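**Student:** Now for the letters of each chain:
2 protein chains.
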Amino acid sequence: MATVADYIDENMPRFREELLEFLRIPSVSARSEHRMDMSRAAEWLADRMREAGLDVSVEETDGLQIILGEYRGAGDDAPTVLLYGHYDVQPAEPLDEWTSPPFEPEVRDGKLFGRGSVDDKGQLYLHVKAIEAHMKVNGSLPVNVIVLAEGEEEVGSEHLMPFVKANRDRLACDYVVISDTTMVGEDVPTIGTSLRGLAYLEVHVRGPRTDLHSGSYGGAVVNPATALARIIASMHDDNWHATIDGFYDDVEAMDEYREKLKAVPFDDAGFRKDTGTTEVGEKGYTTPERLWIRPTVEVNGLLSGYTGEGAKTVLPAKAMAKISFRLVPAQNPDRIAELVEAHIRKVAPEGVEVEVQRLHGGNAWRATLGSELYTAAERALAAAWDREVVYAGEGGSIPIVPEFERVLGAPVLLMGFGLPGENAHAPDEWMSVENFEKGTRASARLWTELAR
Amino acid sequence: MATVADYIDENMPRFREELLEFLRIPSVSARSEHRMDMSRAAEWLADRMREAGLDVSVEETDGLQIILGEYRGAGDDAPTVLLYGHYDVQPAEPLDEWTSPPFEPEVRDGKLFGRGSVDDKGQLYLHVKAIEAHMKVNGSLPVNVIVLAEGEEEVGSEHLMPFVKANRDRLACDYVVISDTTMVGEDVPTIGTSLRGLAYLEVHVRGPRTDLHSGSYGGAVVNPATALARIIASMHDDNWHATIDGFYDDVEAMDEYREKLKAVPFDDAGFRKDTGTTEVGEKGYTTPERLWIRPTVEVNGLLSGYTGEGAKTVLPAKAMAKISFRLVPAQNPDRIAELVEAHIRKVAPEGVEVEVQRLHGGNAWRATLGSELYTAAERALAAAWDREVVYAGEGGSIPIVPEFERVLGAPVLLMGFGLPGENAHAPDEWMSVENFEKGTRASARLWTELAR
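Line by line, the protein sequences are chains C and V.
Note that the working numbering has the first sequence beginning at 4, numbered continuously upward.
Note that the working numbering has the second sequence beginning at 4, numbered continuously upward.
Chain C extracted, bound-state conformation:
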């Protein structure tokens, strides 16, 4: 009799073809013209989940559909795992920067290129295939499984937590597993230990009532673009340490963890290749520390005055910046937004008015290591890659991770199969074909390990 692993190996070419089919549906949640594609993607995924052997329901929300796939056959003594992923993707623009069209996926050099390949269709679909393998080979799964796939992750997951709260009993589980992150490097199976939180602000600086001639008025009124530059520049010292009063109050030193981090095989050369620039950041910290355990102040956008070709001598009436802050555990996004707003008001020069809008916020998260969930994942990943697992932080934010833990009372495991340089949210997004295959095996193995 064939094993689950044999089944996966034999059927892998078909799994890959199916994933390409999934990727051809342009399920861009941010654009209303893709509403039909969102439904198509939801139905396609629901059908595949049914074929895999799950009881599937497509749940309506006030926004886009949530797909639930359930298997309850492992019994009350077996653990229940909630597997979360998303079937929506980022907009593909700028289209002319893609080597192959974003929704005509193709494989080149072992990489599967296409919008949503790694974020998150590929990482979600490999779990569906692992379930199929168990069901086809054994007629059962070793654990109870709830697959929850949403369609609004790329637009803020507005309706997810209300749904989870309203269905708390149905979604009750022992563990939550999410594959929507990256490994530290190629061939380095990775478990995520932390996520950063986020406070995202938009700052508007207003000066003269209208754009003025920079000759006729320049020098005698405050230039809002200059004022905004001054505000932004005031947020760091020369060591790239943030200067906002109270910003680090809740940041833990994490000396022990910093010791452990030294053992993580962080790919400095890869980081330099991906970014195309030198590593520069807060003095006294390494690159992984700067990314995983230190908060940041980043400008995401700047706009003021004339930005077209040539010389226009305008003294702008206004200037705008989008400024966001990556946070670490215990930093509260609302509190940080307040501190930043106070800082901005303190440093804004006389003669301008400042408005601060809060666009988005989310808490940081730190894994509670050492549970059965983590030891099972360690074994499953190590088996798939034939290599020891590495524990690593993640610089990005997934605000629903701490929310899942809070609402469902179940620990979250971040078991990501992305790779550095994968271009998530950018042109030429790709997922490693090898990681799709090994990820499928690791997923299948995880259910077995969890049931031990």
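Since the list gives no way to pick out one identical chain from another, each pair is judged satisfied if it fits inside one copy or across any two copies.
Below, simulated PhoX-like cross-link-like pairs (lysine-lysine); rule was C-alpha separation at most 25 Å, straight line:
1) K321 - K276
2) K349 - K321
3) K265 - K286
4) K276 - K265
5) K263 - K286
6) K276 - K286
7) K321 - K286
Hints in this document: simulated from the structure, not taken from any laboratory.
Owing to the predicted nature of the structure, the values given are computational and were not obtained by experimental measurement.
We have chain C already, so just place chain V on it with the hints.
**Tutor:** Here is chain V on its own, set in the frame of chain C:
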């Protein structure tokens, strides 16, 4: 027999109607789709100059046409005046901010609204009408006159000085008169004593090779938008004094002139109304001093990263600023550009690359007062307004003014009829109807006064 002044009074309604006709031609030199309109405007003006009694030729250049109107009948003993103006106008965008359409001029509250009304069609055309008045009433002018109207003032006057140099003999003159500036306030006839120079730069800051996810990479590479903000903020101290090494080396203290300036009835309330903000600038200087005798550092445009709606967590690959410097006499635009570039390279943080492009430059100018030209203008203006003339600086730049003096060896008189708040280069540009009328009378009188 009617006098020149009577003729002007009687024919003023027609003069105004003709000006409206001139303003209906959208002679936007910056836009190639208006090439036909440029020719139409040139021909229209040439015809009116002929009707006024001038010998007119339309001169081809490598760019747009220059119109020359000549009157040599005053003889060798009479002075020759070159009158310069321009028949091109600024683009009218943003169109939706105009109360009445830019090329459908109309009079409201004593103001003639329309693109080009004050800059410079109205101010040019009043001179043509003054010439007409002399010619119709007396059959002659008291001085020899060369009217030179170009069509590229709003795009940098690229072909003007080559034309002037190539026609140095034909354009030889004793005085140059230009009406393309503003009076200090309503009912304050003004002679311009200075113009600021200009150095206009575009600064590009580049960091990562592509836009990065601000979570995955934020904190470990330099953000080019933050770097640019730091560069801009470094250009002033807390007293809004420029901090660029050597920037003030060639700036004269002008203590005597500052004493005289105290007597200029600068309209502080009007300035506040026009700008809609409080006066803030270099410490230790008044508003007219900041505008007329002090150099500036102004940001004209800023662009980086994501500037659309909502929160996009991008760490931008690049950031751009347009930064210009108004200069005072003796400051050299090329030298200033060099100093600024050196400053930028000095303060740019590690991890970014900086490129500085020079877009535009021009020298400042200071009038050589006390000549017959100025005393004649004083009398002409005082007669038209029944009020003493004020000598005032001008914050803007007209690079061709020092060029005219250099190439033709003739002093320039700036006799402007604009008013503060006239919205030159902005929506709802207007010229005071009263100033058009009094300006016509002053122009007619100037020729008489110059011939005394």
